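S.K.: So the sequence lines, in the order shown, correspond to chains A and B. Reading the first sequence from the start, the letters are residues 399 to 594 in this note's numbering. Reading the second sequence from the start, the letters are residues 592 to 1237 in this note's numbering.
None of these hints come from the bench; they were simulated from the model. Check each hint, because a few of them may be wrong.
Mimicking SDA-like on lysine to any residue, the simulated pairs with C-alpha atoms at most 20 Å apart in a straight line are [as the list claims (entries may be wrong)]: (1) 547(A) with 878(B); (2) 540(A) with 952(B); (3) 944(B) with 536(A); (4) 547(A) with 948(B); (5) 547(A) with 876(B); (6) 540(A) with 1012(B); (7) 872(B) with 549(A); (8) 878(B) with 553(A); (9) 540(A) with 1010(B); (10) 540(A) with 875(B); (11) 584(A) with 753(B); (12) 540(A) with 872(B); (13) 489(A) with 972(B); (14) 593(A) with 759(B); (15) 944(B) with 532(A); (16) 584(A) with 880(B); (17) 584(A) with 878(B); (18) 841(B) with 667(B); (19) 547(A) with 1012(B); (20) 540(A) with 1191(B); (21) 540(A) with 935(B); (22) 579(A) with 667(B); (23) 878(B) with 408(A); (24) 489(A) with 878(B); (25) 584(A) with 883(B); (26) 584(A) with 612(B); (27) 540(A) with 880(B); (28) 988(B) with 532(A); (29) 469(A) with 1191(B); (30) 540(A) with 714(B).
Predicted, not measured: the structure shown is a model, and the values here were computed from it.
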Amino acid sequence: MNENPQDEAVTEDVSRRNFMTKFWSVVIGGFVSLTPIVVGVSFFLDPVLRRKKAAGSTGEAAGSPGEGFLKVSSQSALPDDGTPVFQQIRKNVVDAWNTYIDQPVGSVYLRKTEDGTVTAFNSECPHLGCTVSYVDSSQQYKCPCHDSKFELDGERTNEIPPRPMDQLDVEVDEGGNIWVKFQSYKIGVSQQIPKS
Amino acid sequence: MKKLLEWLDDRTGYREVVNEALFERIPGGARWRYVWGSTLVFTFFLQVITGIFLWTAYAPSTQTAWESVYYIQNQMTLGWLVRGIHHFAAQAMVVLLVIHLLQVIIDGAYKAPREVNFWLGIVLMGIVLGLSLTGYLLPWDQKGYYATKVATNIMGVTPAIGTEVQQVVQGGSDYGHHTLTRFFALHAGILPGLLIAFLGLHIAVFRRHGIHAKDPNHAPEGMFWPDQILKDAVACLAVLATVLLLSIYKGAELSAPADPSTPYDAARPEWYFLFLFRFLKFEFIDKFGLAFGAIYIPGALMLFLTMMPIVAIWRYGHKLNVAVTVILTACIMGLTGLAFYEDWYSDSEASVKFRNDVAAAHQDADRVRELAQGPGGIPPTGAVSLLRNDPLTQGPKIFAARCASCHRYNGHDGTGHIVMVEGEEAPATAADLGEFGSRQWVEDILVNYQEVFAPTRNTTKEGTNLGELFLDDEYGMAGWVKEHKEILLMPENQEALNGLKEFLVAQSGREDFAPYDEALVAKGRDVFENGTLAKGEFSSNCLDCHDVKVRGEEEALGFPGTAPVLTGYAGQEWLKSFISNPGTEQHYGYGDKNAMPAFEDSLPERELDLLVRWMLNDYYVSAEKSSHSEESDHQASSDKSETADP
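Please work from the sequences and hints to get the whole structure.
M.R.: Quick look at the structure:
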């Protein structure tokens, strides 16, 4: 076919030009299409890529026994017979562009134990995050979703939840005020991993 | 006309496309069993149309999502119907999808050369389930909020990347504005776009291989147009009729606005995910960890589904596929049925509680609608504050939590539940406050003192039976009532008693008891001050022990005595002051009878306010509701009197 050497040179030339054409088409085409995609995907991944700006002060209340403690109740509000009391937790919350002042953010069960100390459990079920109820008749915590059950001390009585209820730090000051360091943990895993 | 169409065809070649679309040969003839795919395309068409119109009225943010859906549902022209169609067509789509899939498997239509199309179908199924999951959250009501939280928490336990996936989907570590904006972008943009793309491929590949005719000799060959299209159209009509009937007679639900701080114990996923929900209730599954039951097992089933065309290469593969499918379908239906039974028909404690929780959720949903339609409307901060600041919603809960360990409210804890301790009804140790502050309440204090405070016999104060302090005190109110009960109940003194009631209730200034009979109030004041009776006389007058500054006057009538001061009795200020500190001198200070704790430290001001306003009926009730409740009150009181007089 290529009897004429000049023809051969032409073919070679064409094929090289062909290669360069393909190469640059792919490179330029890829660049122009990937640019918006990469920019957009990074934007979309903001929740995991952004380094959290230091959250605004949550307004540490006077008399707080330590960082993150919130005054939630007083000792006199807890019955002496050890029945747990459901208590809402309120604090300032930032959600994207809004800051909400003194907003309910969750709830705890407070309880006076036999020796008079106060315990607090996050009411969020460690199984899948529903709010557990306290059942008076059986003196247990029970989740209305998938029937997780816990003793008064937070221990599991069945194996539906992956871990006991999340116990929170409690301080009682001289005035009998109860301070709780409110914290939520990752749902559905056996270890306690604090949520940011 | 004909010339014009020929010109158009010459320039566009449209005829070939139309011919190809319409004149597809159907070996074995048009059949009803081929309609499922078409009904799915039709429901998707319904979703696109209604979805785009809903889009024009929906605003995704935590302060506007529920509010805009409420507005669509309750205010906009045919809004309830557009939303109803979208809601029920979504469920129809899942049902039709399952039927379509089952038929493809049972008929063996997934086998070569149609494997790729089967896989495209599985991708489509994933997209449809994704659409229903994302759509469930968008109204931002309690039901969608808590059900979807479970789903995103499940994402969070995916090995290795769970936390990150969950954060990206939620737009942060918790639910908020960005959860809605993201779910909305997925629901209205990304997923429908993918669905259209994959549906295009699915139909194109389907056309390439033609219909899978199990028995091509069933009937003479037919054509897609018009033979099959008529059957498809009739099936679509049936689907539409079902969706419309459900929209009209059942309606799409909108529960109360999502509130992270108010537990929603009635949380359940959409009914077609109930089997998965029930599956996760098995302890023997959960003990292997949540990821096992919620991710690995469903994942394995999806993998098996995907592998079916390959399994079918084996001689008995198809039979195996069908057998597994039948067993799985039976299991899924069984679990769904079990979940339904446990929630709605079983008498176990948990089931009864669930049904109560559902009733309470409906009550909240009705109440928030009532408030939203009330004079205040929905504030810019969103509807969630309506219920949070509503005495009728919060009061009973606060009463149950703070008061019901001693007091009762018409026999229950305020929320309608009997107070239980260790499986038995707990006896009250203080007065039932259901009638507190009413004319009846005052009458009961004056003539049925022993009954009102009978529960005090069930407890002690510092070693002494509280009943002894309250009920056996000859020099206190108990003694006075014992002495004067007969006199007050004499027919001649009827007016004096009514006057006392009117006078004392008027001190509260409560508007729900107005108008007050001025003449009767004056009469009552005379009795209170001077003991003026038509027959008999008091050994001591009310004013001898109880001081009072009559509402609207500057000077007190008497001097603080040995009994509670009745200034503003049972009104807002009085009740707040009493609850805050019942042991002060103006309340129970003298006589050491008080056994009630002071709540000034433990009960936040806003809770005290909500509690008191609830107890004094100081909250908005629509005219429609209030006429209803008056009727039922009347009903209840007449029932009571019937049982009281055997």
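S.K.: Hints first: check each against the structure and report whether it holds.
M.R.: Hint-by-hint comparison with the structure:
| no. | hint | in the structure |
| --- | --- | --- |
| 1 | 547(A) with 878(B) | 13 Å, holds |
| 2 | 540(A) with 952(B) | 19 Å, holds |
| 3 | 944(B) with 536(A) | 14 Å, holds |
| 4 | 547(A) with 948(B) | 18 Å, holds |
| 5 | 547(A) with 876(B) | 15 Å, holds |
| 6 | 540(A) with 1012(B) | 16 Å, holds |
| 7 | 872(B) with 549(A) | 18 Å, holds |
| 8 | 878(B) with 553(A) | 15 Å, holds |
| 9 | 540(A) with 1010(B) | 18 Å, holds |
| 10 | 540(A) with 875(B) | 18 Å, holds |
| 11 | 584(A) with 753(B) | 11 Å, holds |
| 12 | 540(A) with 872(B) | 13 Å, holds |
| 13 | 489(A) with 972(B) | 17 Å, holds |
| 14 | 593(A) with 759(B) | 14 Å, holds |
| 15 | 944(B) with 532(A) | 12 Å, holds |
| 16 | 584(A) with 880(B) | 14 Å, holds |
| 17 | 584(A) with 878(B) | 18 Å, holds |
| 18 | 841(B) with 667(B) | 18 Å, holds |
| 19 | 547(A) with 1012(B) | 18 Å, holds |
| 20 | 540(A) with 1191(B) | 31 Å, violated |
| 21 | 540(A) with 935(B) | 19 Å, holds |
| 22 | 579(A) with 667(B) | 46 Å, violated |
| 23 | 878(B) with 408(A) | 73 Å, violated |
| 24 | 489(A) with 878(B) | 35 Å, violated |
| 25 | 584(A) with 883(B) | 17 Å, holds |
| 26 | 584(A) with 612(B) | 52 Å, violated |
| 27 | 540(A) with 880(B) | 19 Å, holds |
| 28 | 988(B) with 532(A) | 14 Å, holds |
| 29 | 469(A) with 1191(B) | 15 Å, holds |
| 30 | 540(A) with 714(B) | 38 Å, violated |
Consistency note: the structure conflicts with the earlier hints numbered 20, 22, 23, 24, 26 and 30.
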